[in-house]
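Novice: Numbering (this note's numbering) for the sequence shown: 2 to 181.
Be aware that one or more of the hints could be misleading.
What the hints assert, rightly or not - Simulated DEER-style distance windows between Cβ atoms:
1) T13 <-> A103: 13 to 23 Å
2) S89 <-> P18: 17 to 27 Å
3) S134 <-> V82: 21 to 31 Å
4) S11 <-> T137: 38 to 48 Å
5) T163 <-> D37: 35 to 45 Å
6) S112 <-> N169: 37 to 47 Å
7) E22 <-> E173: 37 to 47 Å
8) D37 <-> T125: 22 to 32 Å
9) K3 <-> N167: 37 to 47 Å
10) S83 <-> N10: 20 to 30 Å
11) K3 <-> G80: 18 to 28 Å
12) G41 <-> S11: 13 to 23 Å
13) N42 <-> T149: 33 to 43 Å
14) S11 <-> T163: 39 to 49 Å
These are calculated hints, taken from the structure and not from any lab test.
Don't be surprised by glycine CBs; every beta carbon is placed ideally from N, CA and C.
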Amino acid sequence: GKSSFENCNSITSIITPDAIETIDNRAFKDCTSLVDVTLGNSLTKLGDYAFDYCRNIASIVIPDRVTTIAPEAFNDCSGLVSIIIPGSVKEIGNSAFGKCSALLSVEIPDSVTIIDDCAFRGCTSLEKVIIPSSVTELGWGLFDGCETTVTVYCEEGSAIHTYCQNNNIHCESLSERESY
């Protein structure tokens with residue numbers, strides 16, 4: 002339920018059973034000792050602030066039934082280095098990955114159409130983001146705090162290409178990107 006394990010600093014790992022479909026709002030917020038997270042395949046919803054301030058999670062694989070990465074779901078997960086976003090996700094909420102200061106790269110799948118405000122704000126190590134032309138709605142301040150380090154790979158003429166040009170963010174054509 003909501004805030005189920007909030008502030009439980011003794012939790013170091015979780016494995017959600019395949020029967021779990023929702024991780025409610027704030028379920029694991031401020032679980033600062035949490036390191037290992039394995040999310041079950043039936044998961045369809047990650048609530049707001051679900052893993053906010055879980056600073057020791059290094060990587061996360063979001064199951065392929067999740068359609069929205071809720072606002073601040075992984076905000077301030079400063080140890081998060083890698084995230085795998087499946088092709089089921091359609092929307093990335095505001096500050097979903099805000100202040101993930103160790104995050105190096107992100108590939109947004111073609112299924113995503115919306116990236117809300119400040120989604121990657123404060124991701125000071127972020128170097129590469131691949132954003133397809135399917136993303137047509139973009140919030141403000143997407144890359145605040147990492148404008149000088151990030152390169153966005155996108156299609157020329159896409160909404161994100163225009164956004165990068167208008168906000169002095171380095172962007173390159175998808176065809177010119179280096180392989181991961």
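Novice: Can you tell me whether the CB distance of S112 to N169 sits inside 37 to 47 Å?
Specialist: At 28 Å between Cβs, range violated.
Novice: So the hint says 39 to 49 Å: do the beta-carbon atoms of S11 and T163 match that?
Specialist: holds (47 Å)
Novice: Does the hinted range 21 to 31 Å hold for S134 and V82 at CB?
Specialist: For S134 and V82 the Cβ distance comes to about 27 Å; the hint holds.
Novice: Taking 13 to 23 Å as the hint, is the beta-carbon distance of T13 and A103 inside that range?
Specialist: holds (18 Å)
Novice: CB of K3 to CB of N167, is that within 37 to 47 Å?
Specialist: holds (38 Å)
Novice: Is it true that T163 and D37 lie within 35 to 45 Å of each other by Cβ?
Specialist: holds (40 Å)
Novice: With respect to the beta-carbon atoms only, verify the hint that E22 and E173 lie 37 to 47 Å apart.
Specialist: Because 39 Å falls inside the window, the suggested range holds.
Novice: Hint says 13 to 23 Å; check whether the CB-CB distance for G41 and S11 agrees.
Specialist: holds (22 Å)
Novice: Using the beta carbons of S11 and T137, state whether their distance is inside 38 to 48 Å or not.
Specialist: Holds, at about 44 Å.
Novice: Taking the Cβ atom of D37 and the Cβ atom of T125, is their distance within the range 22 to 32 Å?
Specialist: For T125 against D37, whose Cβ atoms are near 24 Å apart, the range 22 to 32 Å holds.
Novice: Is 17 to 27 Å right for how far apart the beta carbons of S89 and P18 are?
Specialist: Holds, since S89 and P18 (Cβ atoms, about 19 Å apart) stay within the stated range.
Novice: Is the hinted range of 33 to 43 Å satisfied by the C-beta distance from N42 to T149?
Specialist: holds (39 Å)
Figure legend: structure checked against the earlier numbered hints; the only hint not met is number 6.
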